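Novice: Residues per chain, in single letters:
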Amino acid sequence: MARINSLAELTAYKNAALAGVSKYLANDSEQTIIYVGMATCGIAAGAEAIFDALNDEVKKQGLQNVVVVPTGCAGKCYAEPLVEIKKPNADSVFASGITADTARKIVSEYLANGTGDYILPNKGYGKQVRIALRNCGIIDPTKIEDYIAVGGYEALAKALTQLGRGGVVDEMKKSLLRGRGGAGFPTGLKWEFGYKNDEPKKYIICNADEGDPGAFMDRSILEGDPHNVLEAMAIAGFAVGAAEGIFYIRAEYPLAVERLYAAIAQAEELGLLGENIMGTGFDFKLSISLGAGAFVCGEETALLNSLEGKRGEPRLRPPFPAQKGLWGLPTINNNVETYANVPAIITRGADWFKSIGTEKCPGTKVFALAGKINNVGLVEVPMGTSLRDIVYEMGGGLPNGKAFKAIQTGGPSGGCIPAQHIDMGVDYESLGSIGSMMGSGGMIVMDEDDCMVNIAKFYLDFTMEESCGKCTPCRIGNTRLYEILDRITKGKGSEADIEQLKELGQVIKNTSLCGLGNSAPNPVLSTVNFFLNEYLTHVNDKKCPAGACKDMVRYVITDKCIGCGICARNCPVNCIHPTQQTLPNGKFLHAINQDQCVKCGECLPKCPPKIKAIIIE
Amino acid sequence: MNDLTCFAELDTFIDALPTKKGALISVLHKAQDIFGFLPTEVQDHVANKLDVPASKVYGVVTFYSFFTMQKKGQFRVNVCLGTACFVKGAQDILDEFKKELGVDTGGVTEDGKFSVDALRCIGACGLAPVITVNGKYYGRVTKADVKGIIAEYSSKGEEANG
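One line per chain: the protein sequences are A and B, in this order.
The opening residue of the first sequence carries number 0 in numbering that gives the first Met the number 0; numbering runs sequentially from there.
The opening residue of the second sequence carries number 0 in numbering that gives the first Met the number 0; numbering runs sequentially from there.
Careful: at least some of the hints might be erroneous.
To be verified - Covered stretches of chain A, going by a simulated chain B footprint (3 or more residues, C-beta under 8 Å):
hint	stretch
1	62 to 70
2	156 to 167
3	201 to 212
4	305 to 317
5	442 to 450
Claimed, not checked - Among the chain B residues that face chain A by a calculated CB cut under 10 Å, a handful are:
hint	residue
6	Lys48
7	Ser64
8	Ala123
Claimed, not checked - Partner residues are not named here, just some residues of chain A that face chain B (Cβ under 7 Å, in silico):
hint	residue
9	Thr39
10	Ala43
11	Ala44
12	Cys76
13	Glu79
14	Glu251
15	Tyr260
16	Ala264
17	Leu289
18	Val375
19	Lys501
Since the hints were derived computationally from the structure, they do not count as laboratory data.
Just so you know, these numbers come straight off a predicted model, no measurement behind them.
Think of the CB as a built atom: it goes at the ideal place given N, C-alpha and C, for glycine as much as any other residue.
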């Protein structure tokens, strides 16, 4: 394939793609597109069989103007496997819960009559504003033609031929884009540090070590639009004067890794990466390094050690990586989602970007909604959008009519936000002001069945396990926090324990070496702050109101029992037996032997719904 | 594949590296791909080839949770314990696997057929709770599904052996 050597040649390539293999992406396309979400979740839910069935049926019916496109994640994970149907000049509709059979029906029934009971009522993406995810679910991520057809690599061309190095840095500074990995450091400023450094060799790194449990936007971007991130890294390399870029990506994301390798090879073949990019003399080589399962490697100095083949322990700062990073050389490190914003900013300008979001935090943020919420998935919203809009409007509220209790943001580094703050607009400052943080954008919704002490313990278990062990406050302090929480959830805590949690948590925050330790106590401190009563019930009454702390729970059969024995037959440890007491219907009242009960909860749903004789105490 | 060919394959990989500087982790990834786990003999071999102390190799292997020094089962069950899976009952699923297979987390069944591990978030939160068996994903798993999943592989194992 011929290399692209100028903006004119890029435009020619784009027009050829729009007239050829990427025809369905043209504005005046008369083709009906059937998209099949084929990111990790889609494939796990069976998308491959659906894709084949759709293709087969289209062929069988001899439909010329229908095209089936494998694409990345549309963010509507709750509806997987998901098919999106876009007819010319119409809003797209989504079909959910598809099997290979219904896939055939989409072609034979929906395309002909416009009806089908598998079509979701909500069209399009609602109030979302998609910048980082703008191509996810729209293009085929395995084809560079598709990316170029929607304007890809034009930002790189503009940077190389019009803006120049200083111009790119200025535009990025003006845009006020802040790091989407969680800390929110201004990206333009970081790039300027690199730009001003005279060292001849520098590095660009993309942090794709998305270890925050419950966050998966980086995976979705890399699986659904890999070229977007490659282009941004090349722009960063040009601006700071680096000829080498490295992806540090989790080994747990095999599909993303595969797509990145393919994308790099495609871009190199066209001369959009590698040597003498677009004939401008700028060289930029990208490589991929796999992580090996250590949460702390998301911390940028730990990541550098890991790239050097060492244990992923953080370094003392200063010197900052922009001064002395990988192999002691200046290194600029940004997160995947941060990069995903860059090409759009360069193409459309900082002023456009600043028109979205809030004054201090322009742009959007992708949130991964999970937990007790109807529409589990990714949403991209302008900064400042309220939690209520995110949970109820985009997330569709909580399932089973349960009450909203809290939302956890920022993963193991963040905190739990109670219902009273649900109307708060979300940005870096507002979340920080109530003891949580943006983090990478995971949002876990919790309902009345979730115990806040148990959740705090869950996160501490995680940070304790993931602490690298280099500094004492984090290694020992977090272990002590966990032990105290463990005591409380087992009904052995006291009020003094709660005071100790607060004091110790503050010490760990103030004295730990890196971001992991600095933020590890947040889940504890925020739950103690907002849900103190729940802690007090645990330590004073030795009860868990949510019924989640199993050691404090007792399953008891009340006198509503009708003696049917269903519970006894379903008890895995055989600890439910009839008593001597006769019931009005002549059968015997049953009872649970508390010494043998393993609190599995198996009996509770088995008791007939009209009777509900089993309760949790 | 016997040990000799395994070591030969690993050596080919190492000799083809553009530089040995900083290559330890990618070499260990490759070694675990080939051997299935990283026993001390493999670690010593890597240390010699890369000219780094064996203690450093051991330090790295034990630091990263992806690396294991224990041989895994023929079928590796991984239960995701990310937050989304946790609030949807992943702990119960893990307990059920442990109960049904009679092993602890990280353990291998006596016949070497199954191993059970807890995994860090695999980012498929939309399908929570999620488990994988030898890389194949199972979404929205319930406690009742566990026996069926085990049975699916038990019979496969017999076919393979028989």
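Novice: Hint by hint, note whether the structure agrees.
Specialist: Right, here's what the structure says about each hint:
1. 62 to 70: With 0 residues close enough to chain B, the hint is violated.
2. 156 to 167: Coverage by chain B is violated here, the residue count being 0 at a Cβ distance below 8 Å.
3. 201 to 212: holds (count 4)
4. 305 to 317: holds (count 7)
5. 442 to 450: holds (count 3)
6. Lys48: violated (13 Å)
7. Ser64: holds (4 Å)
8. Ala123: Hint holds; alanine 123 of chain B Cβ to chain A Cβ min 5 Å, cut 10 Å.
9. Thr39: Result: holds, 6 Å to nearest chain B Cβ.
10. Ala43: holds (3 Å)
11. Ala44: holds (6 Å)
12. Cys76: holds (2 Å)
13. Glu79: Holds, about 6 Å.
14. Glu251: holds (5 Å)
15. Tyr260: violated (14 Å)
16. Ala264: The hint is violated - alanine 264 of chain A has no Cβ within 7 Å of chain B, the shortest such distance being about 17 Å.
17. Leu289: At 6 Å from the nearest chain B Cβ, leucine 289 of chain A passes the 7 Å test, so the hint holds.
18. Val375: Since chain B brings a Cβ to about 5 Å from valine 375 of chain A, closer than 7 Å, the hint holds.
19. Lys501: violated (23 Å)
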